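Given the sequences, and given the hints that come with them, work out the whole structure.
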Amino acid sequence: MSPYDPSAFPPFAVTVDLVVLTVRRHALCALVIRRGEQPFQGRWALPGGFVRGDEDLSAAAARELSEETGLCAHDPAAPDVGNGAHLEQLATYGDPKRDPRMRVVSVAHLVLAPDLPAPRAGGDANSARWAPVDELLSADGQSGAGLAFDHEQILADGVERARSKIEYSSLATAFCPPEFTVGELRRVYEAVWGVALDPRNFHRKVTGTPGFLVPAGGTTTRQGGRPAQLFRAGGATLLNPPMLRPEV
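The opening position of the sequence shown corresponds to residue 0 in numbering that gives the first Met the number 0, with each subsequent residue numbered one higher.
If you are wondering where the hints come from, they were derived from the structure by calculation, not from laboratory data.
Have a look at the derived ranges for each label pair, beta carbon to beta carbon:
1) Val194 / Pro2: 57 to 67 Å
2) Met101 / Ala215: 49 to 59 Å
3) Arg231 / Gly193: 18 to 28 Å
4) Thr218 / Gly193: 21 to 31 Å
5) Phe49 / Pro176: 32 to 42 Å
6) Ser126 / Ala58: 24 to 34 Å
7) Ser57 / Ser126: 22 to 32 Å
8) Asn200 / Asp133: 17 to 27 Å
9) His25 / Arg62: 29 to 39 Å
10) Pro2 / Cys71: 40 to 50 Å
What you are looking at is a predicted structure, and each value in this text was computed from that prediction instead of being measured.
Note that beta-carbon positions come from the ideal geometry of N, C-alpha and C, so glycine has one too.
Right, dumping it as structure tokens:
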């Protein structure tokens, strides 16, 4: 076996980019930051950063999540952590020309959390905001209004992952507080899918799906009107039957 020579291979950097999604004012929104430095200075981008030499990918994503939002990644071993956010690896992006500085491979992660507060800017960002994903994904990249790097593609992939995954899993509850009403859960589906759902049919489906929801033992009037029953996420991770997305 011939000796291995590391110098024979070009060096490259690894970053993590975060598609942070939440539902604000009944719209699916993503966290974006305005870049304060080159490249793409002044353009909006997804939050993220370089992976440090002493950390693995999940640790880097969790660190960036904490720095950008103040949230901790949800630990499956401790499901009752109050501010835990759902964090999962999305995809890897390695086009040689995706970053004009050098060869950079990005491992994108999807983050889902309930209605999050106004973000704070940090690092090389000089401002940050929640923006409706429809606004970001309909931006005309040719006019300079699109996201920096290849972040529009990463965002589109993250949104589609969320839209498809809530069909067959209980992931939609990650957008809800620990206790929520069926109406609040329905509005999550409506925001993520971008469609209106029949309230009675939706109530029948989610309460009839084994392990999806369990009664929390209380009611609330925070949505106005009559008191509504509160639920918590059940133990099911896969939904049978699935919640199929309506055709638009």
